[in-house]
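Enquirer: Read off the chains here:
Number of protein chains: 2
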Amino acid sequence: MNKIITVSRQFGSGGRTIAREVAKRLSIPCYDHELIDKVREDCGFTKEFIDENGENSSTSLLTSMFGSSFGRDIIWTSQCKVICRLAEEGPCVIVGRCADYILRAKAELFKVFIHADAAKRAERIVSLYGERSDAPEKRIKEKDKRRASYYRYYTDGEWGIAKNYDIALDSGKIGIEKCVDIIVDLY
Amino acid sequence: MNKIITVSRQFGSGGRTIAREVAKRLSIPCYDHELIDKVREDCGFTKEFIDENGENSSTSLLTSMFGSSFGRDIIWTSQCKVICRLAEEGPCVIVGRCADYILRAKAELFKVFIHADAAKRAERIVSLYGERSDAPEKRIKEKDKRRASYYRYYTDGEWGIAKNYDIALDSGKIGIEKCVDIIVDLY
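Protein chains in written order, with the numbering used here: chain R, 5 to 191; chain C, 5 to 191.
Derived by calculation from the structure, the hints in this document are not laboratory data. Mixed in with the good hints there might be a few duds.
Where chains are identical, the list cannot tell them apart; a pair therefore holds if satisfied intra-copy or between any two copies.
[As the list claims (entries may be wrong)] Heads up, simulated DSSO-like pairs for lysine-lysine below, C-alpha to C-alpha not over 27 Å straight-line:
no.: 1; residue 1: K42; residue 2: K28
no.: 2; residue 1: K177; residue 2: K51
no.: 3; residue 1: K177; residue 2: K110
no.: 4; residue 1: K110; residue 2: K124
no.: 5; residue 1: K28; residue 2: K51
no.: 6; residue 1: K85; residue 2: K124
no.: 7; residue 1: K124; residue 2: K7
no.: 8; residue 1: K147; residue 2: K51
no.: 9; residue 1: K145; residue 2: K177
no.: 10; residue 1: K147; residue 2: K167
no.: 11; residue 1: K51; residue 2: K167
no.: 12; residue 1: K28; residue 2: K149
Every value quoted in this text rests on a predicted model; they were computed, and no experiment measured them.
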């Protein structure tokens, strides 16, 4: 079984940056947005549709009953196939997308969770993605809520519970570089 | 403000051992059972009574209504006083007892959570405390449930949620020595 690092992250915590840097330092691939292209090839939906119906989509009971749950379920199946295939190809880093759950019996996992306080994350998303009409605090809250709800919907598990990860780090307090050092060292 | 390390831990995860070793390496005091003596001096209850009504006590609604909540609340008040006084005296490590909550605005905190999978913890408690009539899995479940419920009762917060700690580590996967290294290095 290949050794895979899964990085779950709060929106704006720098989890993606940490994942990329860890992969670079270990000379292994990192899959984040790249996953969407592969899922697109597998299921035939557009990139936009996959984006809208992936881990940031709304998975409330109402949208499940009357909304796009059919398309989302197809994307989920493709995502599982793609993630399992990538894990078979060799060691890698996978960002989000319930990879920790999907690969739980299929790879040797090192499961990471990255978080930071709301103020630090708000600052980060504004500097990365610019100002929007919604306040950054609102964007953060909404996106985390969707990620947690997507995770719950497809895995029956809880997102962000310490015991579900090998390591959970506050990137705002510890610093992104130091988080990278710790993960690389432990891997 | 002094720099205090608070160590919250699942029962049997080696959190106390990690806390003691970190304190030794940093040449600062570690308060665990020592706290009980200080609380005893403050509130006058016996060690046994404090043990029974501390973080491992039952805090269900029923015991709160009909049980020993009065004594427990007095112990809680003493515990808050003692922990605040210790944090004022100088840098130290404090194990459990909601110190992360009690000191949230009174010290510069480095908040640690230590956990491990149930099998590893069961093995550890049997080797440390011996066999008992209850299965180790049952003892673990019961004690964690009490700690979580005690934390919720007095802090209104949730125990074991990744975002509430600067770092959360799986000591079974990472190893106790390595956990110590990481915490000492980050401090």
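Enquirer: Could you run down the list of hints and mark each one as holding or not?
Expert: Structure-based check of each hint:
Taking the shortest alpha-carbon separations for K42 and K28, only the intra-copy value of 21 Å comes in at or below 27 Å, while the best inter-copy value is 51 Å. Proximity of K177 and K51 under a CA criterion of 27 Å is satisfied in neither setting, with 35 Å inside one chain copy and 37 Å between copies. Taking identical chains as interchangeable, the C-alpha atoms of K177 and K110 lie at most 27 Å apart only when they sit on different chains, with a minimum of 17 Å there against 33 Å within one chain. Proximity of K110 and K124 under a CA criterion of 27 Å is satisfied inter-copy only: 21 Å between copies versus 35 Å inside one chain copy.
Taking CA atoms no more than 27 Å apart as the test, K28 paired with K51 passes inside one copy only; the shortest distance there is 26 Å, against 54 Å between copies. Proximity of K85 and K124 under a CA criterion of 27 Å is satisfied in neither setting, with 35 Å inside one chain copy and 32 Å between copies. Taking identical chains as interchangeable, the C-alpha atoms of K124 and K7 lie at most 27 Å apart only when they sit on different chains, with a minimum of 21 Å there against 31 Å within one chain. In this assembly of identical chains, the alpha carbons of K147 and K51 lie at most 27 Å apart only when taken from the same copy (19 Å versus 48 Å across copies).
Proximity of K145 to K177 under the C-alpha cut-off of 27 Å is restricted to the intra-copy arrangement: shortest distance 20 Å within a copy versus 31 Å between copies. When the C-alpha separation of K147 and K167 is checked against a cutoff of 27 Å, the pair qualifies both within a copy, at 22 Å, and between copies, at 15 Å. For the homomeric pair K51 and K167, neither the shortest alpha-carbon distance inside one copy (34 Å) nor that between copies (31 Å) is at most 27 Å. When the C-alpha separation of K28 and K149 is checked against a cutoff of 27 Å, the pair qualifies neither within a copy, at 30 Å, nor between copies, at 41 Å.
In this structure, the earlier hints numbered 2, 6, 11 and 12 are contradicted, and the remaining ones agree with it.
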